[in-house]
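Participant: One letter stands for each residue in the lines below.
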Amino acid sequence: MEMPELDKKIKRALLCKTNGILPSEETFTQILASLEKKQARRTFNISYKNYIIAFICAVSVIFGTTLIVSVDARASAMEIINTVKSVIILDKSNNVAERNADEIFMKHAISNNNQPGNADILKKPGVNTLFLQAILLNQVNGLKLCLKLLAIGSMTFGQTWNYNRVRHGRGQVPSY
Amino acid sequence: MGNTDLIKRCQLGDLGSFSELYHLHRKKALGTAYLISNQKGIAEDIVQESFIECFRKIQTIKNPEAFEAWFYKTLVRIGWRMVKKHNQFLLMGDQHMEGLSTAMDFNSESDTSETNMMVHEALDQLSLPLKTVVILYYFNDMSIEKISNVLGCFQGTVKSRLHNARRQLHDVFNENELKPAANIFFANRKEYGFDGNA
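Protein chains in written order, with the working numbering: chain X, 16 to 191; chain F, 327 to 524.
Pulled out of the complex, with its shape left as it was, chain X reads as follows (with noise of 0.2 Å):
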């Protein structure tokens, strides 16, 4: 058979197939009907969404605000931070270990090596380490808590401006 003969039988047969296929008139009742239920579900989804934002926005203003405002959970979110302080120190063996701040300090670190070398100190952290930085740690550590608070009270206090002013704004966009 020759290929032209082959195309007018393969288009003959496709139209002779749809032939017979007409579409029904409620189908665009149908989409129409689909499309008013599919805005609707995403206007409450929109909605929805906006409550959820300004929700995580208002809990996250009250937390900023008790931590920057209240002493006692300032000093307990100082308690916590402590306690997850670690300090490097040299065991009996003089091994370079890592070890909780207060676990160590309620203890003596005992050693027979009075000078330990450098590069004994250095396998574990990488960095050249001192006990004193160590101490100090815990002086230092009020002042970040500090920064940390104000930083944390400033993030909430722009996301919520930032969400005032898109909500209110020209930022808002039709959805058709």
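Note that these hints are calculated values from the structure, not bench results.
Reference listing, derived: stretches of chain X covered by chain F, where coverage requires no fewer than 3 residues with Cβ under 8 Å from a Cβ of chain F:
(1) 19–29
(2) 36–43
(3) 48–54
The structure presented is a predicted model; accordingly, all values stated were derived computationally and were not measured.
Idealized CB from N, CA, C, for every residue including glycine.
Using the hints, position chain F against chain X.
Facilitator: Just chain F now, kept in the frame of chain X:
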């Protein structure tokens, strides 16, 4: 009103224009969907889904001239997805019966309906990408370039798919044409005592 105006009005959210656009394209769209899916119910679902998607995303079209390619791209994607989804529930026998009844209804000549049946059977044997290329080329009268836009592939790929599909269809035709001739030949041999067992 021209197609371009209709699309521009649709982009503004005019439902009247969307209705006109739907009535303009519904028959061809349904035909394409039916040829892809082989089931009228699925075809209607594909068309419905495609037009919903069309109205929702018509704002993204920058060039209204490219509407047809864009729309059929959506339709083909939805069609493939639905066919794959429904494939496990479909019985091959039902598909053949439906194709047969449609062919018989609209063509009384037995030889034409036989050819149509052959084409339908051969099309069913093709893979979905080959079948889609054949449908878009022969039924939708699309050019190779347009088909490549619809399917999102190179023109060379479309050409090769079309060539493969034609070759497969050609083989099926040849096989079916040779069968009756071969049957007559072997029947005559038997009649004249040239049968292998004699």
